[in-house]
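For the protein sequence lines, the chains are Z and C, in the order given. Mapping of the first sequence onto our numbering: residues 884 to 996, in sequence order. Mapping of the second sequence onto our numbering: residues 394 to 507, in sequence order.
No lab work stands behind these hints, which were simulated from the structure alone. In this text, a Cβ means the ideal position worked out from N, Cα and C, and glycines have one as well. Hints are supplied without guarantee of correctness; some may be wrong.
[As the list claims (entries may be wrong)] Taking lysine-lysine and the DSBU-like style, the derived pairs with C-alpha atoms no more than 35 Å apart in a straight line are:
hint, chain 1, residue 1, chain 2, residue 2
1, Z, 954, Z, 940
2, C, 406, Z, 954
3, Z, 941, C, 419
4, C, 406, Z, 941
5, Z, 941, Z, 954
6, Z, 954, Z, 905
7, Z, 925, Z, 905
8, Z, 925, Z, 941
9, C, 419, Z, 940
10, Z, 951, C, 406
11, Z, 954, Z, 925
12, C, 419, C, 406
13, Z, 940, Z, 925
14, Z, 905, Z, 940
15, Z, 951, Z, 940
16, Z, 905, Z, 951
17, Z, 951, Z, 941
18, C, 419, Z, 925
19, Z, 951, Z, 925
20, C, 406, Z, 925
21, Z, 941, Z, 905
[Claimed, not checked] The calculated label-pair distances, taken between Cβ atoms and stated as ranges, are:
hint, chain 1, residue 1, chain 2, residue 2, range
22, Z, 936, C, 476, 16 to 24 Å
23, C, 462, Z, 885, 27 to 35 Å
24, Z, 898, C, 462, 44 to 52 Å
25, Z, 995, C, 462, 40 to 48 Å
26, Z, 899, C, 431, 16 to 24 Å
27, C, 476, Z, 925, 45 to 53 Å
28, Z, 901, C, 410, 28 to 36 Å
29, C, 408, Z, 937, 44 to 52 Å
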Amino acid sequence: GENVEQHPSTLSVQEGDSAVIKCTYSDSASNYFPWYKQELGKRPQLIIDIRSNVGEKKDQRIAVTLNKTAKHFSLHITETQPEDSAVYFCAASINTGFQKLVFGTGTRLLVSP
Amino acid sequence: DAGVTQSPTHLIKTRGQQVTLRCSPKSGHDTVSWYQQALGQGPQFIFQYYEEEERQRGNFPDRFSGHQFPNYSSELNVNALLLGDSALYLCASSSIGGSPDTQYFGPGTRLTVL
Numbered sequence: 884g885e886n887v888e889q890h891p892s893t894l895s896v897q898e899g900d901s902a903v904i905k906c907t908y909s910d911s912a913s914n915y916f917p918w919y920k921q922e923l924g925k926r927p928q929l930i931i932d933i934r935s936n937v938g939e940k941k942d943q944r945i946a947v948t949l950n951k952t953a954k955h956f957s958l959h960i961t962e963t964q965p966e967d968s969a970v971y972f973c974a975a976s977i978n979t980g981f982q983k984l985v986f987g988t989g990t991r992l993l994v995s996p
Numbered sequence: 394d395a396g397v398t399q400s401p402t403h404l405i406k407t408r409g410q411q412v413t414l415r416c417s418p419k420s421g422h423d424t425v426s427w428y429q430q431a432l433g434q435g436p437q438f439i440f441q442y443y444e445e446e447e448r449q450r451g452n453f454p455d456r457f458s459g460h461q462f463p464n465y466s467s468e469l470n471v472n473a474l475l476l477g478d479s480a481l482y483l484c485a486s487s488s489i490g491g492s493p494d495t496q497y498f499g500p501g502t503r504l505t506v507l
């Protein structure tokens, strides 16, 4: 089955710096890759997603890139702000109409003022 | 537009007991997936319901069962609770006719087994 690895497990940056979180998936049939942000005690919130027919997607300060050949995808956050501090999860799924998300182990991002 | 809701928020049970958790999907969604999130871990897929049938199942024992009602809401039942069942249980909803892979999560039910 699908396996998703995520690195780093923790990431500390200064406000205004960029942050990059990387994930690797195992099943080449995976074709949907969402990213979720989870603040302490709250629900995972979908922040951006990408499908396998696209190499990059951007939404304001957030971007995701996908390398299908290497089976890597990454989350890029620019101009980080303290409110970006949270745990970020990547996930992968195979869209067959009914699909499960397989999550990475999470990255705790701390943005210091 | 109502988002995904879950009840109860917190639950404390003892080993061997049974528990039922409830989920109402986002308005317009017809598919409900359940996930277990242990402390410090990513969510793990339990199963998914559509048209009142279990469509996919993760690597969870038969002690975990579910149900979906005609109004698309869903229940997760766990029998013979073990200490290791303590976790945050999340449901996520999606729309088969819309973007079936885009799942939106509820706030979760925190289950503690003593």
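Here is what the structure says about each hint:
A C-alpha spacing of about 16 Å is found between residue 954/Z and residue 940/Z, which places the hinted pair at or below 35 Å, so the restraint holds. Between residue 406/C and residue 954/Z, the direct Cα distance comes to roughly 42 Å. Violation of the 35 Å bound is thereby established for this hinted pair. Restraint check: the Cα-Cα separation between residue 941/Z and residue 419/C comes to about 26 Å, which is no more than 35 Å; the hinted pair holds. Between the alpha carbons of residue 406/C and residue 941/Z the distance comes to roughly 44 Å, so the proposed pair goes past 35 Å and is violated.
Taking the CA atoms of residue 941/Z and residue 954/Z, the gap is near 19 Å; set against the 35 Å cutoff, the hint holds. Between residue 954/Z and residue 905/Z, the direct Cα distance comes to roughly 11 Å. Compliance with the 35 Å bound is thereby established for this hinted pair. Restraint check for residue 925/Z and residue 905/Z: satisfied, since their Cα atoms lie roughly 23 Å apart, inside the 35 Å limit. Straight-line distance between C-alpha atoms of residue 925/Z and residue 941/Z comes to about 25 Å, which keeps the hinted pair within the 35 Å bound.
This hinted pair checks out: residue 419/C and residue 940/Z have alpha carbons roughly 25 Å apart, not beyond 35 Å. For the suggested pair residue 951/Z and residue 406/C, the alpha carbons sit about 45 Å apart, so the restraint of at most 35 Å is broken. In summary, the hint linking residue 954/Z to residue 925/Z is supported, as the alpha carbons are separated by about 30 Å, within the 35 Å threshold. Between the alpha carbons of residue 419/C and residue 406/C the distance comes to roughly 28 Å, so the proposed pair stays at or under 35 Å and holds.
Distance check on the hinted pair: residue 940/Z and residue 925/Z sit about 26 Å apart at the alpha-carbon level, within 35 Å; holds. Note on residue 905/Z and residue 940/Z: the hinted pairing holds, with a Cα-Cα distance of about 15 Å set against a maximum of 35 Å. Taking the CA atoms of residue 951/Z and residue 940/Z, the gap is about 14 Å. The hint holds against a cut of 35 Å. The hinted pair formed by residue 905/Z and residue 951/Z meets the criterion: a straight-line CA distance of about 13 Å does not exceed 35 Å.
Distance restraint check for residue 951/Z and residue 941/Z: the Cα-Cα separation of roughly 18 Å lies within the 35 Å cut-off, and the hinted pair is therefore satisfied. Of the supplied pair hints, the one linking residue 419/C and residue 925/Z holds, its CA atoms being roughly 17 Å apart against a limit of 35 Å. With a C-alpha separation of about 32 Å, the suggested pair residue 951/Z and residue 925/Z falls inside the 35 Å cut-off, and the hint holds. Among the hinted pairs, residue 406/C with residue 925/Z is consistent with the structure: their alpha-carbon atoms are about 22 Å apart, no more than 35 Å.
Under the criterion of a C-alpha separation no larger than 35 Å, the hint pairing residue 941/Z with residue 905/Z is consistent with the structure, at around 16 Å. For residue 936/Z paired with residue 476/C, a C-beta distance near 45 Å fails the hint of 16 to 24 Å. With their beta carbons about 30 Å apart, residue 462/C and residue 885/Z fall inside the hinted range of 27 to 35 Å. Our hint of 44 to 52 Å for residue 898/Z and residue 462/C holds, since their Cβ atoms are close to 47 Å apart.
The hinted window of 40 to 48 Å between residue 995/Z and residue 462/C holds, with their beta carbons roughly 47 Å apart. Between residue 899/Z and residue 431/C the Cβ separation comes to about 34 Å, which falls outside the hinted range of 16 to 24 Å. Range check, residue 476/C to residue 925/Z: about 25 Å between beta-carbon atoms, so the 45 to 53 Å window is missed. A C-beta distance of roughly 48 Å is found between residue 901/Z and residue 410/C, which places it outside the suggested range of 28 to 36 Å.
For residue 408/C and residue 937/Z, the hinted distance range of 44 to 52 Å is satisfied, since their beta carbons lie about 48 Å from each other.
Hints 2, 4, 10, 22, 26, 27 and 28 from the list above are not met by this structure, while the remaining hints are.
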